[in-house]
Amino acid sequence: MVKNEIIVILLFILFLIANVNVSATEWTTLNFGGKTDTTEAEQESSWTTLTFGGKADILAQVAPTQNSESPTNQTIGMSLNPTLQITLNDANGDTMNQSFWTNESGTWLAIGWNNNTGNGAVSNSTTVFDTYSTKYWWS
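Numbering that gives the first Met the number 0 applies: residue 0 is where the sequence shown begins, and numbers increase by one.
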C-alpha cells in the first residue's frame with residue numbers, strides 16, 4: 000500500500016511540475032493497485048485511493064509577439080535620432096528582455112535594451128541615426 004501512495008504522490012508532483020494550474024472546481028479520484036487473480040471484493044480492498052480537488056488547465060508556452068513598430072519601414076522625412084518603439088505581448092504574462100539593434104555601421108550592434116519588461120510599448124532613444132538623407136535599419 001505504501002508503494003502505491005508513493006506512486007500517487009510522484010504522479011501528483013509531476014502533474015504540478017508540468018506547468019499545470021490547479022483550481023478547486025472539480026474532484027478527481029485516482030485508484031492504484033488491485034489484484035487481478037483474486038475475487039472482486041479482495042481486489043477492491045487492496046486498492047489505494049487518493050482524491051484531490053483540481054481542474055487541470057495546461058498552460059502552453061507561447062513565444063512573445065511584437066508589433067506596432069515605429070518608425071515603420073520606408074519612412075521618409077524622419078527627424079534625426081528618432082525614438083524607436085515597439086509593442087510587446089507575451090500571452091503567458093512572462094517578463095521579457097528586449098533589445099534594439101541597428102546595422103548603421105555595417106555590423107549589427109545593440110543600441111538599447113529593456114530588461115524584465117511586461118506586455119506593452121517599449122521605446123529607446125537613439126544617438127546613431129545622425130545624418131540626413133541616409134537609410135537606416137533597425138530591429
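Treat the hints with care, since some could be wrong.
[Claimed, not checked] Simulated restraints, written as ranges between beta carbons of each label pair:
1) T130 with T94: 18 to 24 angstroms
2) G92 with I5: 22 to 28 angstroms
3) T130 with T64: 31 to 37 angstroms
4) A59 with T82: 33 to 39 angstroms
5) G92 with S67: 33 to 39 angstroms
6) S104 with A59: 16 to 22 angstroms
Think of the hints as simulated: they come from the structure by calculation, not from any bench. Yeah, the Cβ is synthetic: ideal placement off N, Cα and C, and Gly gets one too.
To see whether the hints hold, each was checked on the structure:
1. In this structure, T130 and T94 break the distance hint of 18 to 24 angstroms, their C-beta atoms being roughly 36 angstroms apart.
2. In this structure the hint that G92 and I5 lie 22 to 28 angstroms apart at CB is violated, the actual value being about 34 angstroms.
3. Range check, T130 to T64: about 32 angstroms between beta-carbon atoms, so the 31 to 37 angstroms window is met.
4. In this structure the supplied range 33 to 39 angstroms holds for A59 paired with T82, their Cβ-Cβ distance being about 34 angstroms.
5. The hinted range of 33 to 39 angstroms is not satisfied by G92 and S67, whose Cβ atoms lie roughly 19 angstroms apart.
6. The given range of 16 to 22 angstroms is broken by S104 and A59, whose C-beta atoms sit roughly 40 angstroms from each other.
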